[in-house]
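If you want the building blocks of each chain, they are given just below.
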Amino acid sequence: MGFELLQPRSLAEALEMKKSYGEEAKVLAGGTDFLVLLKDQKLKAEVVMSLRGIRELNFIRHEEGKGVTLGALATHGAVAASAIIRQRFPDLAEACAQVGAVQVQNLGTVGGNLCNASPAADAAPPLLLMDASLILASARGERRISIHDFFQGPRRTVLQADEILKEIFIPQIPGRRGATYLKLGRRKAMEIAIVGIGVAIHLNGSDQVVSDCRIALGSVAPTPLRARHGEEILRNQEIRDELIEEAAEVAAEEASPISDVRASREYRLDMIRVLCRRAIPAALASARGNKVEGLS
Amino acid sequence: MKIPVTLKVNGETYDLVIAPYRTLLDVLREELQLTGSKKGCDVGDCGACTVLLDGKPVNACLVLAATVQDSDILTIEGLAQNGKLHPLQEAFIKEGAVQCGFCIPGILMSLKALLDENPSPTGEEVKAAMAGNLCRCTGYSKMFKAVESATSGLGR
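Which chain is which? The protein sequence lines are A and B, in order.
If you want the numbering used here, it's the position in the first sequence, counting the first as 1, plus 913.
By the numbering used here, the letter at position 70 of the second sequence is numbered 59, and the numbering carries on one by one without gaps.
The set of hints was computed from the structure by calculation and includes no laboratory data.
Among the clues, some could well be false.
Covered stretches of chain A (chain B as the covering partner; in silico rule of three or more C-beta atoms under 8 Å from a C-beta of chain B) [to be verified]:
hint, segment
1, 917 to 926
2, 1112 to 1121
No farther apart than 30 Å at their CA atoms in a straight line, the calculated lysine-lysine pairs in the DSS-like style are these [as the list claims (entries may be wrong)]:
hint, chain 1, residue 1, chain 2, residue 2
3, A, LYS1101, B, LYS131
4, B, LYS45, B, LYS116
5, B, LYS(-9), A, LYS955
6, B, LYS(-9), A, LYS932
7, B, LYS28, A, LYS957
We treat Cβ as the ideally placed atom computed from N, Cα and C, and that holds for glycine.
For reference, chain B alone in the conformation it holds in the complex (with noise of 0.2 Å):
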């Protein structure tokens, strides 16, 4: 049996009918086109789903949506302000830091739930923020160059 469930991504509101068993992963893929959060191994391991609950990252893939009626969403769709890229998306182009880019959205809302806290972390702060997002093409290294070059920006 579906339900009633109000959710707020990412400044909008949306009234959605949706069955209560849907993660909020495959309802914002699905039933508010939001594809930018991808599926990797939908059981919480690879962070390729992450998104912002009330300013924290978690898994979206664990999350039911109906649970989340309350809550502040924001996906990677909503990290660009007015049209403008988010210093982090500037500094990962700027830097090569994407590959095949199936991790990159995942690891961009890891990174700005970071920044927001802590503006200027340390190498370490940022490898402990990225733990729980896994990149198979293992470019972290031009990831942590790019979040050098954004703070240092975002400094200015």
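Bound-form chain A, shown alone (with noise of 0.2 Å):
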């Protein structure tokens, strides 16, 4: 896998390089399913360009009252560490923390996990959930996008030749906030979802009535996508068993899975049933002992 290897230190030098190799130079972040692409021989590359000693990329930074900012190299082991994101995102925590295991949490970022577009992105339904917006840029200037308009098929993203992602922005978000996402593999560590389950359950004064409710699927079609409708059975309703059983039939049926090797299309759209049992009870959960008004 012979390559040449480009090592801009500020972004703006990356922008510049980028601008001038275009498409011919992959970008190269924590690397964990990037080398492994090569070494595979499913990549190929002329020509590599490594963010790694881009430091102004690497941060976590929370502004009150507007939210959460990732730099395109935070970890998926800095993400579950952060008190903020622990807090107040626990489902992209939670989906960070299973990510691999330790040592790939500690190179791979949030930022390559979108930008490689595998529909088994853990790190995506959590974002899709918080409507996060991306920071895409250029040497042309930057544009911001919604996540729900980035992916656009199995490793395949709306970034053109010269540009990079520069920052995945998480805006507040009114009322209290619960969540979870749930991952379905063999085995807890080092495992690629089966299918991965995030929902949100949104509070508005009273405990009650849902004033939100998103439910976003990962593994089950061709990027990660929310379940509209099935959000909409429990929008604005006093959560009952029914409509629980009722959403998760309905979030199952707006997913298109494949049979692969590690599961079949039948045992994938079971399993989003399943995991939108459990996960839409524990999100309410989740929102009823959260205390904490205005979040963000």
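From the two separate chains plus the hints, produce the assembled complex.
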């Protein structure tokens, strides 16, 4: 796997390099997927640009009343250990803590996880729940797009040849939020999700009536996605077992899983229902236990 | 084309000229002759190559050597200090926690990182710290016992 290695020290330098090399320069962040693909010769690279030396991209920043911003190089380990993420976005902390194992979490980045655009990316469902936005930078300037518009298919995103993911922005979410991410694998560590499910419940005033419910699914469609019809069933409702059951059924109908080496289509559909039935009450309990108003 | 690369390993600085695509694991083993870090799967699944990068355990097989020139790298060869074994190493010997030994360097590095951050971990925390290290002899129980013995020893 011979290649030329570019090692920019600043974002500006990286963007200039990406401008001249374009598609030819493959971007390397943590390397936990990238180097495996190179070694397996599933990815060919003449030029590799490592972002590791760009310190300005390695941060987690919280601005009260605004939201949390993750630099493109924030690792799964750093995000899972961040006090502000654990407190306010437990679903994202849980997802990051379930990527591979410690060694992979210390290398792999949330940004890289998104840019690889695996349908099974663990960080994607929580960020879909949060309506996160992504700041894409190029020498031409920056653009902000919703995470809902980022994925185009397995391993395909809207990133242009001269663009780099710079930041992930998680906006303030009003009311009390409770959330969880459940990952199904054959074992706990070093697994790619057979099904991954994120559920967020928002309470506003009442502990009984759900002001918003959000459900995100991973590994069951060409891209991670929101189960918006399933969410509708629970929005502005008092949660009862029959409604959870119905939301789980509807969410499964929104998925389009394939059968592959890890599981069959039928099993995945069944597991969406099972995991929804577990995740919805867990998210509700977490929201009720959360006494902080105006989460950001 | 080869490039100049400077690595800080176990407190020593090494000036090398290597191909940019070589992994930290290959450079440690083949250029520095530090063969304690093992090559098991070479794709980040087995943990036999675990080293500490600025104190954090990583898979050396998933790191390009040229990209970690700013970091402090600690390998199993650097675990003993001034000829004195680390308490974890002592405990592994005392408890007979080693069978074939192939996974042990990686496991010790994972555990060292854990104890540096958390000197008295729970059993679950030890398991989580070792989740990325496979032992094909399946000798985990004695390793858990060794960690217990090392941590109680460290506390004294």
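Hints versus structure:
1. 917 to 926: holds (count 3)
2. 1112 to 1121: violated (count 0)
3. A:LYS1101 - B:LYS131: With a Cα-Cα distance of about 21 Å, the restraint between LYS1101 of chain A and LYS131 of chain B holds, given a limit of 30 Å.
4. B:LYS45 - B:LYS116: 17 Å, holds
5. B:LYS(-9) - A:LYS955: With a Cα-Cα distance of about 24 Å, the restraint between LYS(-9) of chain B and LYS955 of chain A holds, given a limit of 30 Å.
6. B:LYS(-9) - A:LYS932: With a Cα-Cα distance of about 25 Å, the restraint between LYS(-9) of chain B and LYS932 of chain A holds, given a limit of 30 Å.
7. B:LYS28 - A:LYS957: OK: LYS28 of chain B and LYS957 of chain A at ~23 Å, within 30 Å.
Violated hint for the displayed structure: number 2, the only one.
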